[in-house]
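Number of protein chains: 2
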Amino acid sequence: MDSQKPFVIGVDLGGTNTVFGIVDARGSIAAEDSIKTQAYKTAEEFVEAGTVCLKPLIEQVGGIEKIAGMGIGAPNGNYYSGTIEYAPNLSWAHDGVVPLAKMFSDKLAGLPVRLTNDANAAAMGEMAYGAARGMKNFIVITLGTGVGSGIVVNGQLLYGHDGFAGELGHVIMDRGPKGRTCGCGRTGCLEAYCSATGVARTAREILATTDRPSLLRNKPADEIESLDVSIAAGKGDEVANEIFQFTGKMLGEACADFAAFSSPEAFIFFGGLCKAGDLIMKPIEESYNKAVLKIFRGKAKFLVSGLMNANAAVLGASALGWEE
Amino acid sequence: MDSQKPFVIGVDLGGTNTVFGIVDARGSIAAEDSIKTQAYKTAEEFVEAGTVCLKPLIEQVGGIEKIAGMGIGAPNGNYYSGTIEYAPNLSWAHDGVVPLAKMFSDKLAGLPVRLTNDANAAAMGEMAYGAARGMKNFIVITLGTGVGSGIVVNGQLLYGHDGFAGELGHVIMDRGPKGRTCGCGRTGCLEAYCSATGVARTAREILATTDRPSLLRNKPADEIESLDVSIAAGKGDEVANEIFQFTGKMLGEACADFAAFSSPEAFIFFGGLCKAGDLIMKPIEESYNKAVLKIFRGKAKFLVSGLMNANAAVLGASALGWEE
Chain X
1 MDSQKPFVIG
11 VDLGGTNTVF
21 GIVDARGSIA
31 AEDSIKTQAY
41 KTAEEFVEAG
51 TVCLKPLIEQ
61 VGGIEKIAGM
71 GIGAPNGNYY
81 SGTIEYAPNL
91 SWAHDGVVPL
101 AKMFSDKLAG
111 LPVRLTNDAN
121 AAAMGEMAYG
131 AARGMKNFIV
141 ITLGTGVGSG
151 IVVNGQLLYG
161 HDGFAGELGH
171 VIMDRGPKGR
181 TCGCGRTGCL
191 EAYCSATGVA
201 RTAREILATT
211 DRPSLLRNKP
221 ADEIESLDVS
231 IAAGKGDEVA
241 NEIFQFTGKM
251 LGEACADFAA
261 FSSPEAFIFF
271 GGLCKAGDLI
281 MKPIEESYNK
291 AVLKIFRGKA
301 KFLVSGLMNA
311 NAAVLGASAL
321 GWEE
Chain Z
1 MDSQKPFVIG
11 VDLGGTNTVF
21 GIVDARGSIA
31 AEDSIKTQAY
41 KTAEEFVEAG
51 TVCLKPLIEQ
61 VGGIEKIAGM
71 GIGAPNGNYY
81 SGTIEYAPNL
91 SWAHDGVVPL
101 AKMFSDKLAG
111 LPVRLTNDAN
121 AAAMGEMAYG
131 AARGMKNFIV
141 ITLGTGVGSG
151 IVVNGQLLYG
161 HDGFAGELGH
171 VIMDRGPKGR
181 TCGCGRTGCL
191 EAYCSATGVA
201 RTAREILATT
211 DRPSLLRNKP
221 ADEIESLDVS
231 IAAGKGDEVA
241 NEIFQFTGKM
251 LGEACADFAA
261 FSSPEAFIFF
271 GGLCKAGDLI
281 MKPIEESYNK
291 AVLKIFRGKA
301 KFLVSGLMNA
311 NAAVLGASAL
321 GWEE
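Quick mapping for you: the protein sequence lines, in order, are chains X and Z.
The letter at position 300 of the first sequence is residue 300 when you use the working numbering, and the numbering goes up by one with no holes.
The letter at position 95 of the second sequence is residue 95 when you use the working numbering, and the numbering goes up by one with no holes.
To be clear, the hints were calculated from the coordinates, so they are not data collected in a lab.
All values reported here derive from a predicted model rather than from experimental measurement.
Do not rely on the hints blindly, as some may be mistaken.
Repeated chains share a single entry, so a pair holds when one copy, or any two copies, can fit it.
As the list claims (entries may be wrong) - Computed cross-link-like contacts, BS3-like style, restricted to lysine-lysine with a CA-CA straight-line distance of at most 27 Å: (1) LYS299 <-> LYS102; (2) LYS249 <-> LYS178; (3) LYS136 <-> LYS102; (4) LYS178 <-> LYS294; (5) LYS290 <-> LYS178; (6) LYS249 <-> LYS235.
Next comes chain X alone, as it looks inside the complex:
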């Protein structure tokens, strides 16, 4: 690290807000501000507004010469090309390829700018500041609206031939005719079971096939969310715990296949579901050790993200800024 440049910029580009943070080497956020992602008609207008938002933050830490680089975590972000490609949820990037890294770099005196997708940024953040410090082989699994992943191998993020490696939410868990429909248009994907919507769907299926009492019956079935299951499980609700057992079994079996691939030191889970702690983590680990090939049994750590309470997405993206 260049001691003359003690800061990086981290950008969490989400569907609603885009948060800009100035981050130091220990992962402290020195300055932060945000803009509305979709208040702009074109990518040019978005970048212009972002630059205006960034300028005073940069001045606060002593000017652009104190900044080593900038990292952006964005949906459909391609690391190799620094572009956002056909991002369905971004009005100014849904039907084309936006060279966002270059556009920001041009506005910021040629500052090195790197870009990747959200889950890869999370993995970078865990390695730089979180639960994966010192690890060279681990997998971050993000449990949110979807199921994402960032895979680190030999201390490097796995991008693959085209920049799109690490789509572990879309490995097939059920190849049979009953495999659940996934948002990707196929059936049986891990995401269809273990995303927030997948967990809610499991809840509705289990409630419909039993008469057992449950706190989850206090709400109309079609309004149940993943968070309701977590709250009920925390209160000892049996049906909610069965939902977590089912979800954890699926995640553990998926991780057993991932071990056969890259044999990581740890699986690190990120997202709302992990806030349930052992209620979800124990079923995952038990299922894994039951399902995995003997040579891997008992070796892998199952950890909750070390960045859950910080601004993880900004920190994760900022870690890319140190790469130059």
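Dock chain Z against chain X, hints included.
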């Protein structure tokens, strides 16, 4: 590469024979000899015999100072430690850890010696001399008695945290109650369907459930081998082709999951089954492109090993010798 040391030693340590080859930078074998792997009671005796076998080969190319390093491909070989660990098929290594790389190095004037498993050695060989020259992200799948794999990411072999990454024969393809028993003690593994014994089992199952005529009926069902299926398929036998369709579908679906992991430029297949050419390769590729996530569709190459007619295992192992 050190021009003073234009050769490496490649060792293919198999259950029956251990072949030693002296290999140049273009992948030509300058000298070769072999010993019986299991004619020795201890690892020490095996290494002593191997050294005696190697000495005249080394002299042939000008002595040990012309050799850059040595690579060994061996069952249950661990790259990180240079050991063979609990190899079930090796009498002198089945119930312990043998530091084979160090033992050979000590006998050969401190020559750098590296060791890995057979499938990883095959991947090194493809990258150095075969179908993967110039590629940085690819997966070699070996179809033999078992199903093995060597995964290359960012130009490096994927060893994982413990040295045992890349066991793709043991991802689970059928989680249901009908999943086939695998040699690893679990059920539903890719290997149980797509190894030579898996293909023979598919043949018996299909023959037993139909009355259709087939060349495969010329043999008692329990004597049918994978090679018989290849020969029959080559003659246009319908049942044999159905067996290949089934096997190819399974391999293509597995590769679709592997793409979600490391998004390789190519899948390279090695082993007897591939000699059937398009009869097996076309079903694999078609199944893959049907099953894979849309962003990967049509991108990956499906190739047969470029080392099938050479001494692939020796060449593959020798590629490790250049690493120093």
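Comparing the hints with the structure gives:
When the C-alpha separation of LYS299 and LYS102 is checked against a cutoff of 27 Å, the pair qualifies only between copies, where the shortest distance is 26 Å, while the shortest distance within a copy is 42 Å. Taking identical chains as interchangeable, the C-alpha atoms of LYS249 and LYS178 lie at most 27 Å apart whether they share a chain (17 Å) or sit on different chains (19 Å). Within a single copy, LYS136 and LYS102 get their C-alpha atoms only as close as 29 Å, which misses the 27 Å cut-off; across copies the closest is 25 Å, which meets it. When the C-alpha separation of LYS178 and LYS294 is checked against a cutoff of 27 Å, the pair qualifies only between copies, where the shortest distance is 21 Å, while the shortest distance within a copy is 29 Å.
For the identical chains of this complex, LYS290 and LYS178 are neighbours both inside a copy (24 Å) and across copies (18 Å), given an alpha-carbon limit of 27 Å. Taking identical chains as interchangeable, the C-alpha atoms of LYS249 and LYS235 lie at most 27 Å apart only when both belong to the same chain, with a minimum of 21 Å there against 46 Å between chains.
Of the numbered hints given earlier, the model fails none.
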